[in-house]
Amino acid sequence: MADSIEKVSIVISKGSLEGVYPGLIMGNGARMEGIEANLFFTFFGLDVIRKNRIDKIKVGTVGNPGMHMPTWIGAIPGMSWLATKMMSRQMDKIDIPPVREFIEMIGDSGGKLYACQATVDMYGLSMDDFVPQVEKVLTVGEFYELSAGGEIIFT
Amino acid sequence: MTTVTLAGTPVEVDDEGFLQKPEQWTREMGEEMARSAGIEKLTERHWQVIDFMRKTYLDTGAAPSMRALGKTSGVAIKELYELFPKGPAKLAAKIGGIPKPRGCV
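Each protein sequence line maps, in turn, to chains A and B. Each residue of the first sequence is one higher than the one before, counting from 1 in the working numbering. Each residue of the second sequence is one higher than the one before, counting from 1001 in the working numbering.
Bound conformation, chain A alone:
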């Protein structure tokens, strides 16, 4: 076989539903191919691994040209909730799980989850704030060390 990827490190930096799914799909997809996967959550992406936020990740309906709706409509109360509900239903149909289940899947598959030290400091968080799948808090230097020899993907 030709060259193959053995390891990926995926940075998830966005906190919207459409911002976090690509990284989760790529991380889970890597494990499905037998590729070692590290997921590094930073800035708003940290919401994905925060116990009290993991179930509250929503589609961004304001200032999101991909929604194809005027920004003022996106700003109507309940719009983000509705868009999130609709997208989640579509995704469930094609077997893409909700965020919490996805994180459990990735954890069970042997994918490793890490929180970004700078963001943890910024919000004043500790390991107690995270879902159990999170291995540890990493500095950017440790992240690079961990990623050595593999591909780094920023989302």
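Just so you know, not all the hints are guaranteed correct.
DEER-style ranges, computed between Cβ atoms [said to hold, decoys possible]: (1) A:K56 to B:E1044: 21 to 29 Å; (2) B:K1071 to A:G124: 32 to 40 Å; (3) B:K1071 to A:P70: 34 to 42 Å; (4) A:G78 to B:C1104: 46 to 54 Å; (5) B:K1071 to A:I5: 51 to 59 Å; (6) A:G141 to B:D1059: 50 to 58 Å; (7) A:E6 to B:E1040: 40 to 48 Å.
In case anyone wonders, no lab produced these hints; they're calculated from the structure. Using N, Cα and C, we set each Cβ at its ideal position, and we do this for glycine too.
Following the hints, complete the assembly by docking chain B onto the known chain A.
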């Protein structure tokens, strides 16, 4: 598409070694493919997954997603990866003689 010999029988496979005609498959071929994929001995648990993959494919025309496999095969995701470290859905499909699953999850 190439032809290889598995368990003494010539069969058609794709570039990655997945059987293209599930009807050509035998369990002996599965055992041989498992060995070349680094799984020395297929246990009952392995076969439970392989048979489930194969049956789903033959019944529906598509292999189950990883999520469906974890939920309905009777083997949870953690164990699936212990049984098939190099990718459960992919390997079980290969060993079970069905084409490579096309799903993203």
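Status of the hints after comparison with the structure:
1. For the pair K56 (chain A) and E1044 (chain B), the beta carbons lie near 42 Å from each other, so the given range of 21 to 29 Å is not met.
2. Between K1071 (chain B) and G124 (chain A) the Cβ separation comes to about 38 Å, which falls inside the hinted range of 32 to 40 Å.
3. K1071 (chain B) and P70 (chain A) have their C-beta atoms about 40 Å apart, which keeps the hinted 34 to 42 Å range intact.
4. A C-beta distance of roughly 30 Å is found between G78 (chain A) and C1104 (chain B), which places it outside the suggested range of 46 to 54 Å.
5. Checking the proposed 51 to 59 Å range against K1071 (chain B) and I5 (chain A) shows it is violated: the Cβ atoms sit about 28 Å from each other.
6. At roughly 51 Å, the beta carbons of G141 (chain A) and D1059 (chain B) sit within the given window of 50 to 58 Å.
7. Here the CB-CB span from E6 (chain A) to E1040 (chain B) is close to 22 Å, at odds with the stated 40 to 48 Å.
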